[in-house]
Amino acid sequence: MSALELQSLLPQIILALGATTVLMLGAWYPSRKWILGGVVIALFAALSAGLMTPAVPEVGNLYSTGSYARFFVVLWSLLGALSLLLSLRYAEIHDLPGSEYCALILFAICGMSLLSAATSLIGLFLGLEAFTLVFYILIAFKREDSRGAEAGLKYLVMGAVATGFLAFGISLIYAASGSFHLPEAFAGLEQAGGMRPLGLAGWALMLVAIGFKVSLAPFHLWTPDVYQGAPAPVTGLLATGSKGAVFASLVPLFAALGPLKADLEQVLWLLAALSLLAGTFAALPQRNLKRMLAYSSVVHMGYLMIGLLVGGSEAHRALLFYLISYAFATLAAFGVLTSFSRVDDEPQEYADFRGLGYLHPRRSSLLAACLLSLAGIPPLVGFFAKFGIIAAALKGGYPGLAVIAVLAALTSLYYYLAPIVVLFMQQRDARQLRRGCRHEYFVLALCFSAILLLGVYPAPLLDLLTGILP
Amino acid sequence: MLASVLTEFPILSLLLWLPFAGTLLCLLLRHSALACRWLALLTTLSVLLLTVWLFACLPTESGWLLKEDYAWIPTFGIRYSLALDGISLLLVCLTALLQVAAVLISWKQKEHTALFYALVLVLETGIIGVFLATDLFLFYLFWELMLIPMLFLIGVWGHGNRVYAALKFFFFTLAGSLCLLLAIISLYLIHGEQTGIYSFAFESLLQTQLSSGMEMLLYLGFLLAFIVKVPLFPFHTWLPDAHTEAPAAGSVDLAGLLLKTGIYGLIRFAFPLFPNAAQQSLPVLAVLGLIGIFYAAWIAYVQTDIKRVVAYSSVAHMGFVILGLAAWNQLAWEGSLLLMVNHGVTTGGLFILIAMLQDRTGSRDLRVLGGMWKTLPFFSAFFLLFCLASLGLPGLSNFAGEILVLLGTFSRWPLLAALAAAGVVFSAAYMLRVVQGVLWGPLGQICKIGDKDCLHEDLDRREWLLMIPLGLLVIWLGLYPAPVLEPMRGPISLLLKAGGLP
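Protein chains in written order, with my numbering: chain A, 1 to 470; chain B, 471 to 972.
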């Protein structure tokens, strides 16, 4: 690797080296203050990605350093920094080791940034595994918590199977096309002749793995248990960053797909429709906020699949906008859960929230705003995001999916309103939960302003996304 | 001087965002219930003054009187464009008036006062926005913005089965709204493909060429959203629950304003955008309106909860309005819109009176109430006045609207008009039953003469202040509706012409 390539990959290197440093120093000076150090490192990485011009457009035929990739480095670093800030008090209360936690989150951000920058199938695999491995640990981070251990094991077993599928799929595509590098791999697949079915089989296996990672139906069954068992700030990052990074890497992948897309179309259609329906129906009876958010995330992944299926720059822009709006709302929702959590338990059953809206008005209102944004109620950003996806589906000639999406949005109100009803429209018999602290309020306020401002005035972000799309 | 102020100063935006500023202030001052109360009153009063001033100053022309237009989200061709014509001016006036009433009637609101007034004020922004927006995206935004505050008003401060009623209201209207959204996006895309310019501006979308099948499909999307809100006969089932369980302010806003947004959407957007489909649907609308008149009257007659009676009477009145619109001529439309305004005032007044009654007796049940004339003479006088206005007594407000609707309808469908005229008798039947059950007869079961609980205070100063203007308005609108009809005349003839009728 030349110095120029190292300079181009500097943000990711900052993250990886920073994580290692924190981990090493933490062994000698154990302290929870390392988490703040992690915030600084993540912000530093975001700054370097945002301000620096990379010297080479692509590093080692693996990772792009274009504006698209750098945008996502900034985004994931910011999300990571926010979830680290959220974890500060949480780590204290639950007695989590600070430097290890911080280093793992930084590694996860690094993996997500690499994944969104991947330009070859190998790069994709490496990035994906980098953060999946970290999440195996993070999900079960509370050692004495049996639910956490169950969730971690579940994620590990399912994730290992998915990794197997991914590796096998990539190898089949490589066998058929003779290249790992993205445009060549697909072009090679076109000219593969007799090997083409092999390549398509490889694609099918890859879709299974991707479906698992972003929890598309029918590969979504791990989601509720893992969401429920993992510590709330980790779930926040898992729900936003890890799924988002996979979609961010899929956008250039599908843009490079070319005529091959016609073969995948029906499968993608089915995945999208199935996710919308299965997620909706499974979310309806939930009485646990984390599980409900898990199933509802399946629905959101269905919306994102629509954007991917329709293709073209407008649909992809709608997809990215949706991704960002989903990320902020979801992170804020888990942020509220984090800030409510006490030593002995994390409130997540609806019964824990009864009448809480008048006991903790600010955080409850924020939670309500997040849920309404996820449901797509204007003027919150979720509405504009859904609008973009539905408009793209109609324009791209998928009226059936658009109708399913609208019906899912209507039904989603039922499960999103249920916690709001519990929060504000039931008699107060909830116990007082933990008072928030400044860091948490800062993060929540930031997310709330993003949800509101992007909803009222999305034009700058749309322009930015138009600019960075490959 | 005045004209320059009107054109240069963004007065429509002021009108729209003033209540919203009040909301934010309310949330800031949330620890002082007193401050919030006065703040809400001050905000709604200044909006009212502003609209009355506009009503007095603006000329009665047929086109747009005021306009504002700014780029908002250029990527999608979405603009922030507001416009005001005679019809929207009247409806904005009605909104401002009823919002003041809503604040005054909930003056003693003790639970979560700040949130309550904040929601009432947001609701006002949403409603005014619906009446002013001319960009379809913006319109949809405000259309949805009305839902959340109403959901909370019913769900948090409502009576009895409030969560059920709130969710029912929410889902009915949202289901309609999403059809509207699909139709708006489809229209936007079709227009964009035809002209190459993607825009949500109403005036550009008017130029879209549609095949007749597509036109009907999109029209149905619009129609569904609007007639659920109106509500027209088979879609009315959310209304009695929502009206009954809502707190007083919520009922006033629902009946007085939210129903009107449905009618407004029909005449402003659905009919002009899809003129041919609209023409085909008119007989169906007329028959459904007629069914609504009788069906609602029939159901209203057997209700024991007076709020429910008034709720069903709203359905019947809206049936009249739709019937008038379906007749599609100047006279009937003037009657319909006048009836719409009148219904807002009379039904709003009735809900206010019922809230006062419930405050004093703790009941709305016809079987329990009775003899109020003896204990609360002034209250009873107002109650009688509004009930008579509601049943369409000549000389009081609703009559003027109903007679115009009937005359207009007669020239197109004599049979339907004749049948509808009989509906007036029905409405007399159920309203008089309410009057009899509440005001006359022996004192109700809940109190015996001499019982201390029975000595309720008659109207206090705040209530007088509230009822006198409304009462005068009811009489004035009944005797001399010309000032209200005048500004609507031009816009109505424009709308009728744009509809493509001879």
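Be aware that one or more of the hints could be misleading.
[What the hints assert, rightly or not] Over 10 Å on every C-beta distance to chain A, these chain B residues come out as not near it, computed from the model:
id	residue
1	495
2	500
3	582
4	585
5	625
6	641
7	652
8	658
9	742
10	771
11	837
12	941
13	953
[Said to hold, decoys possible] If you want a taste of the chain A side facing chain B, the calculated C-beta under 8 Å gives, among others:
id	residue
14	68
15	358
16	379
17	391
18	402
19	404
20	406
21	409
22	410
23	417
Hints in this document: simulated from the structure, not taken from any laboratory. Treat the numbers as computed from the prediction; the structure is a model and nothing was measured. Glycine residues also receive a C-beta, built at the ideal position from the N, C-alpha and C atoms.
(message) To test your reading of the hints: which numbers does this structure violate?
(response) 2, 3, 4, 5, 6, 7, 8, 14, 19
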